[in-house]
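> Given next are the chains, with one letter for each unit.
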Amino acid sequence: MERSFKKEVQELRLGDGDTFHGEGILAVTKALLQSGVSYVGGYQGAPVSHLLDVLVDAEDMMADLGVHLETCTNEASAAAMLGASINYPLRGAVTWKSIVGTNVAADALSNLSSPGVVGGAMIILGEDYGEGASVIQERSYAYAMKSSMWLLDPRPDLASIVHCVEKGFELSEASHAPVMLELRIRACHVTGSFQTKNNRAGAFSGLNQIEGPPRFQYGRLAHPPLTFVQEKLKVEERLPAARAFIKEHKLNEVLPGDLSDIGIVVMGGLTTSVLRALSRLGLADIYGETRVPVLVLNVVYPLVPEELTAFCAGKSAVLVVEEGNPDYIEQALNVELRRADLQTKVRGKGALPMAGEYTSDVLINGIAAFLSDVRPRGLDADAIAQHAAGLLAHRPAAAKAIGELPPRPPTFCTGCPERPVFAAIKLMQRELGPTHISADIGCHSFATFAPFSLGNSILGYGMSLASAAAVGPNMGRRTISVMGDGGFWHNGLITGVASNLFNKGDGVLIVMQNGYTSATGLQFMPSSKTSRGGGAASGMDVESTLRSFGVKWMRKVRTYSVAKMRDTLKEAMRTAEKGLKVIIADGECQLARQRRVRAEDAVKLEAGERVVRTRFGVDDEICTGDHSCIRLSGCPSLTVKPSTDPLRTDPIATVIESCVGCGLCGEVAHAAVLCPSFYRAEIIRNATWFDRVMNRIRRTVIGWLAPREATV
Amino acid sequence: MTLPTSLNATLPDRPVTILIAALGGEGGGVLTDWIVSAAHQCGFPVQSTSIPGVAQRTGATTYYIEILPVQVSELGGKRPLLALTPGIGDIDVVLASELMEAGRTVANGFVTPDRTLMIASLSRFYVMNEKIALGDGRYDQGRLIQALQTHAQRTLLFDMEALAKDSGAMINAVMLGAIAGSGKLPIPAEALEAAIKADGKAVANNLRGFRTGFDTAQRDTVETTGREAKKHAPPALDLAGMEREIESWPESAREILTEGVRRLAKYQDLGYARFYLDRLTPIRAAERDGGNARLLAETARHLAVRMSYEDVIRVAEAKIAPARMRRIAQELRAKPDEPFLVTEFLKPGVEEMCDLLPPSLAKRVLAYAEKRGWRGTLYFGMEVTTTSLNGYLRFWALAKLRRWRRGTSRYHNEQAQIESWLGLINEAARLSPALAAEVAECARLIKGYGDTHKRGTDNYAAIEARLIRPALAGRIPVEAGIDAVASARTAALVDPEGESLARCLADIERQVALPIAAE
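Protein chains in written order, with the numbering used here: chain A, 18 to 729; chain B, 2 to 520.
Source of the hints: derived by calculation from the structure; they are not laboratory data.
Any given hint might turn out to be false.
Said to hold, decoys possible - Short derived list, chain B residues pointing at chain A, Cβ under 7 angstroms:
hint: 1; residue: K132
hint: 2; residue: I146
hint: 3; residue: A148
hint: 4; residue: D167
hint: 5; residue: G451
Stated by the list, open to error - Below are the DSS-like pairs computed for lysine-lysine, each with C-alpha atoms no more than 27 angstroms apart in a straight line:
hint: 6; chain 1: B; residue 1: K79; chain 2: A; residue 2: K658
hint: 7; chain 1: A; residue 1: K587; chain 2: B; residue 2: K198
hint: 8; chain 1: B; residue 1: K202; chain 2: A; residue 2: K23
hint: 9; chain 1: B; residue 1: K336; chain 2: A; residue 2: K621
hint: 10; chain 1: B; residue 1: K231; chain 2: A; residue 2: K658
hint: 11; chain 1: A; residue 1: K587; chain 2: B; residue 2: K79
hint: 12; chain 1: B; residue 1: K231; chain 2: B; residue 2: K185
hint: 13; chain 1: B; residue 1: K79; chain 2: A; residue 2: K264
hint: 14; chain 1: B; residue 1: K348; chain 2: A; residue 2: K267
hint: 15; chain 1: B; residue 1: K455; chain 2: B; residue 2: K364
hint: 16; chain 1: B; residue 1: K364; chain 2: A; residue 2: K24
hint: 17; chain 1: A; residue 1: K621; chain 2: B; residue 2: K364
hint: 18; chain 1: B; residue 1: K198; chain 2: B; residue 2: K185
hint: 19; chain 1: A; residue 1: K658; chain 2: B; residue 2: K372
hint: 20; chain 1: B; residue 1: K79; chain 2: A; residue 2: K214
hint: 21; chain 1: B; residue 1: K348; chain 2: A; residue 2: K581
hint: 22; chain 1: B; residue 1: K455; chain 2: A; residue 2: K581
hint: 23; chain 1: A; residue 1: K362; chain 2: A; residue 2: K267
hint: 24; chain 1: A; residue 1: K595; chain 2: A; residue 2: K521
hint: 25; chain 1: A; residue 1: K621; chain 2: B; residue 2: K202
hint: 26; chain 1: B; residue 1: K166; chain 2: A; residue 2: K658
As the list claims (entries may be wrong) - Simulated restraints on C-beta separations:
hint: 27; chain 1: A; residue 1: V718; chain 2: B; residue 2: G377; range: 53 to 61 angstroms
hint: 28; chain 1: A; residue 1: V718; chain 2: B; residue 2: F276; range: 30 to 38 angstroms
hint: 29; chain 1: A; residue 1: S548; chain 2: B; residue 2: P337; range: 42 to 50 angstroms
hint: 30; chain 1: A; residue 1: G229; chain 2: B; residue 2: E75; range: 18 to 26 angstroms
Bear in mind that the values here come from a model prediction, so they are computed numbers and not experimental data.
Glycine included, each C-beta is placed from N, C-alpha and C at the ideal position.
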């Protein structure tokens with residue numbers, strides 16, 4: 018894993034009355050242990066990758082509590098794991114990145130929520146929405162509504178989050194429905210503190226195992242004719258039970274305020290943002306005192322009609338602060354007010370934008386617009402609007418002064434083994450012309466950015482090959498699908514490869530075999546060389562798996578061999594052989610490799626053993642500043658610097674210290690016939706006597722031949 | 002403005018807000034943790050958030066911290082609600098590890114003259130779009146610095162990357178020192194240093210980095226970025242006569258001329274340097290008559306570069322230059338007797354081989370190669386270890402070919418092209434020195450090796466045929482011609498595929514064709 022939490026997980030041992038300090042994700046883990054879970058699992062993805070990392074690092078501690086951990090191969094397998102709570106009083110939690118993970122899990126979730134659960138079942142959703150997000154922008158809310166799962170959206174401070182996790186399990190058991198708890202990106206990484214409780218073991222767990230299965234109960238199956246009964250149970254029993262629980266345990270909060278004829282209804286996760294906006298408008302302080310009454314929905318689904326009408330009664334207007342679309346809460350509130358025959362105006366989308374993240378400026382503008390619109394008693398709405406405009410007035414001039422800045426998206430790391438593959442694709446296309454490139458999710462999707470700008474579609478994780486199925490036949494040219502080994506095991510093997518072979522498809526598939534799910538932070542996956550605990554690997558392997566599936570044309574190429582990769586691609590594109598052509602682009606993730614190699618080298622250096630360190634360089638005198646090398650590489654360590662030549666103005670290429678000596682610069686210079694500026698320099702530390710003698714002889718002879726230098 | 006009267010009057014009404022702008026992998030998370038843990042040790046309520054995601058892969062990212070500068074114990078049980086997102090116009094300190102990222106915070110409205118202290122490194126980590134330009138795609142640094150100074154209340158700008166390198170620390174330690182030294186945090190420097198120590202990783206180096214950042218911030222003076230360090234050729238005794246002669250040339254061109262003769266004397270011989278000055282004599286006259294100060298200097302600059310074209314001989318000389326080996330040893334931090342190997346990547350093709358042959362022979366070989374389909378396909382890839390005797394001797398022998406250079410086909414081709422280019426400049430100078438300067442500047446397109454050189458030459462040829470020659474023939478009005486050549490040159494440097502240039506040339510031809518058609 019990229020980040021180790023070995024130190025932080027010690028916080029998970031805290032007991033009654035202690036104070037926890039740390040990050041949101043760690044607090045969630047602590048809350049799970051305090052809730053007596055019997056099993057946990059999930060699939061990594063920002064912003065909850067670290068939750069899974071924490072669970073792995075805390076595996077020993079969890080084993081003491083009898084908690085079973087499963088690092089699932091995808092979200093569907095994680096969701097299906099919750100099936101343990103259908104029949105047995107086992108509390109369990111799984112986690113993934115939403116919306117994408119929830120999409121993958123959807124089938125299992127429907128089949129889970131129809132029979133319902135007896136043990137508390139919780140899904141921690143990393144809501145990848147807004148700044149920093151890497152997926153399509155959709156809400157998880159629809160899944161909650163359609164499957165009758167409850168959706169918690171706690172206030173983003175650790176105490177509230179922990180409280181919601183604990184109450185969430187109770188809610189799940191009280192209403193027999195699975196519960197989702199969504200955490201936005203910043204909430205996952207927010208730091209803070211809360212009072213801890215002792216961890217507790219589940220009623221049944223690895224320590225105290227269940228005797229055996231219950232008597233056969235058809236009612237626990239999502240199977241007709243019971244599914245018709247279960248549909249009714251959802252709305253007739255589980256929904257009322259959930260609402261009663263939410264009300265009784267006061268999961269939602271009302272913050273009173275003196276401007277009683279208006280109010281704000283806010284999703285729990287946006288509460289601090291709204292209160293800060295009110296404070297900047299002079300309508301609240303930073304200690305939670307507000308002049309505008311606020312209804313905080315820590316449970317956003319289901320809504321409790323009585324709570325809504327009680328809050329709105331006597332108010333002329335309320336503002337619904339609901340991020341994303343559609344505006345489910347606003348619609349529901351309108352319906353409830355209509356049913357209760359209340360005339361309170363509902364404002365939401367309109368004052369606030371229909372789409373996009375509700376950042377501080379959006380909220381300031383939205384609240385000011387709302388106040389100007391509804392003009393509450395005892396408040397000078399115009400003055401507020403003017404103040405709001407003043408807070409943001411400087412921005413256009415500032416943006417103009419800076420100018421249009423080029424973007425800085427993430428990119429392949431220095432020495433990444435995947436980058437050379439795209440250099441090879443670029444070179445292949447120079448000769449054979451462009452073809453459709455089906456991209457996928459993973460580090461390799463960075464190839465869609467400059468300097469490669471390669472990829473025509475992204476359809477989801479592991480979907481590249483499947484999404485090219487109808488392109489090739491309609492184009493008369495082979496397509497190239499790119500997939501990582503992470504995506505291969507997540508989905509690509511069945512959805513892509515099996516489907517292609519079954520349909521006697523054609524086309525080229527490149528599998529990037531780097532040994533980890535690297536983009537999410539170097540987690541282990543089925544074909545990793547070791548297991549998550551550091552022991553023996555599972556033994557699964559991409560190449561033998563593909564062979565057993567019946568792939569005939571397969572080549573394994575070391576990724577850094579650009580010329581060979583280009584030629585292999587050309588062969589794959591032109592061969593008369595029909596059927597799927599797979600190129601396994603083999604190269605260990607450089608982040609992982611460097612971590613290992615550096616540690617090993619440090620030990621060797623210490624022990625006085627011979628160590629060769631390689632880096633590349635560019636000769637200032639020879640580079641003419643055309644930057645073709647950068648256009649074919651894009652390595653962060655290959656950059657530009659001002660020309661040292663007094664007669665040249667264009668900046669020249671340079672290799673900075675972070676170079677790990679992967680060799681791509683030389684490979685590209687060769688494969689693309691660039692220029693003779695690149696050199697590889699290898700320094701020998703702790704040189705042997707042989708190295709030294711040879712070195713001395715060479716230097717002496719070269720010294721005789723060397724041109725005399727100009728002396729001044 | 003109605004302020005809530007019931008609210009606390011004695012407690013602070015807002016936290017100290019800190020926005021950190023950094024690149025993934027620079028240790029922004031660790032920096033944030035240092036500040037948070039120091040604030041915590043001081044007993045202040047503190048909260049941080051971040052949006053790491055895949056931005057950890059050298060993308061732009063931010064971290065946000067709020068600190069309430071009052072002891073938790075003095076809050077009387079009240080809990081401050083600290084925000085997760087930075088507010089526009091509500092930031093006390095921006096701490097940026099890179100100049101463009103500092104600029105981004107200004108563009109996003111986080112920097113305001115009423116409160117923001119901008120602490121930013123003047124170092125640049127160029128973004129991809131700046132690096133892949135065919136010419137100079139770097140963003141205007143002066144504009145960024147000026148915008149920071151205009152929009153912040155106060156700025157502390159210095160090269161934190163250089164300080165980090167000097168102290169052996171990561172840049173985040175220097176940044177922590179800078180914010181400590183700024184005096185804007187409610188946290189004493191000792192507490193921040195304690196946070197580094199408590200972390201326990203690379204403590205000595207990080208403390209050194211912290212100290213240097215702290216001291217620099219305390220000096221409170223703006224340091225400018227390092228000047229573009231140019232390596233000037235050393236003077237030589239046998240050039241003294243020519244250099245004295247240059248004293249009588251216009252001042253604006255003298256520095257370039259001196260550099261030019263020195264370079265060409267070293268590249269070939271004294272006669273070649275003399276040839277350079279002779280070639281420029283008509284341009285000097287044209288400038289004197291026409292009064293365009295750019296013409297002579299620019300032509301002199303490009304002529305020196307063109308005359309010292311990068312042939313195999315020059316590359317070989319550069320590869321075995323003792324100064325180069327010293328530079329590489331320094332980059333490697335090699336101790337005096339520590340062995341190191343240097344390997345070059347060369348891939349000459351048929352053309353490069355023929356470059357060294359006499360013109361008549363080269364012609365025949367190339368014709369044969371053309372027939373066999375070898376041109377552009379047959380290359381001899383080699384990795385030569387210059388530090389080995391074998392490799393060194395190969396370059397040494399190639400470098401010795403210098404005295405035959407005048408007999409090579411490449412020499413003949415280059416000189417013919419240079420003459421043609423100078424001819425165009427002279428011809429243009431008679432119409433307009435400004436046009437002549439634009440023509441001279443087109444030499445910028447011709448650079449590099451192999452494909453790159455060919456692409457540049459082709460682009461130049463297209464501009465010559467479709468703009469320069471028509472302008473000289475009066476088919477394009479002079480003023481329009483000046484603009485057209487300048488914009489075509491810019492377009493030629495936009496994309497390697499030549500799409501922009503093709504579009505630009507077509508546009509220009511359409512525009513100039515209209516008035517002619519109407520005449």
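> Decide if the proposed pair is consistent with the structure: B:K79 and A:K264, CA atoms, cutoff 27 angstroms inclusive.
Holds. B:K79 to A:K264 sits at ~26 angstroms (cutoff 27 angstroms).
> For the pair supplied as a hint, B:K166 and A:K658, confirm whether the alpha-carbon distance does not exceed 27 angstroms.
holds (17 angstroms)
> Using Cβ atoms only, decide whether B:K132 comes closer than 7 angstroms to chain A, and label the hint accordingly.
It holds, given that the least Cβ distance between B:K132 and chain A is near 5 angstroms, below 7 angstroms.
> Below or equal to 27 angstroms on CA atoms is what counts here, so check B:K231 against A:K658.
holds (11 angstroms)
> Measuring from beta carbon to beta carbon, are A:V718 and B:G377 in 53 to 61 angstroms?
violated (38 angstroms)
> Run the distance test for A:K587 versus B:K79: straight-line Cα separation, threshold 27 angstroms.
violated (69 angstroms)
> Does the beta carbon distance between A:G229 and B:E75 stay inside 18 to 26 angstroms, or does it fall outside?
violated (59 angstroms)
> Does B:A148 hold up as a contact with chain A if the rule is Cβ-Cβ below 7 angstroms?
holds (4 angstroms)
> Does the structure keep B:K348 and A:K267 at a Cα separation of 27 angstroms or less?
Outside the cut-off at roughly 75 angstroms; violated.
> Decide if the proposed pair is consistent with the structure: B:K364 and A:K24, CA atoms, cutoff 27 angstroms inclusive.
violated (72 angstroms)
> Is B:K198 within 27 angstroms of B:K185, Cα to Cα?
holds (22 angstroms)
> Checking one constraint from the list: CA of B:K336 to CA of A:K621, max 27 angstroms. Satisfied?
OK: B:K336 and A:K621 at ~18 angstroms, within 27 angstroms.
Taken one by one, the earlier hints fail for this structure at numbers 2, 4, 6, 7, 11, 12, 14, 16, 17, 19, 27, 30, listed in ascending order.
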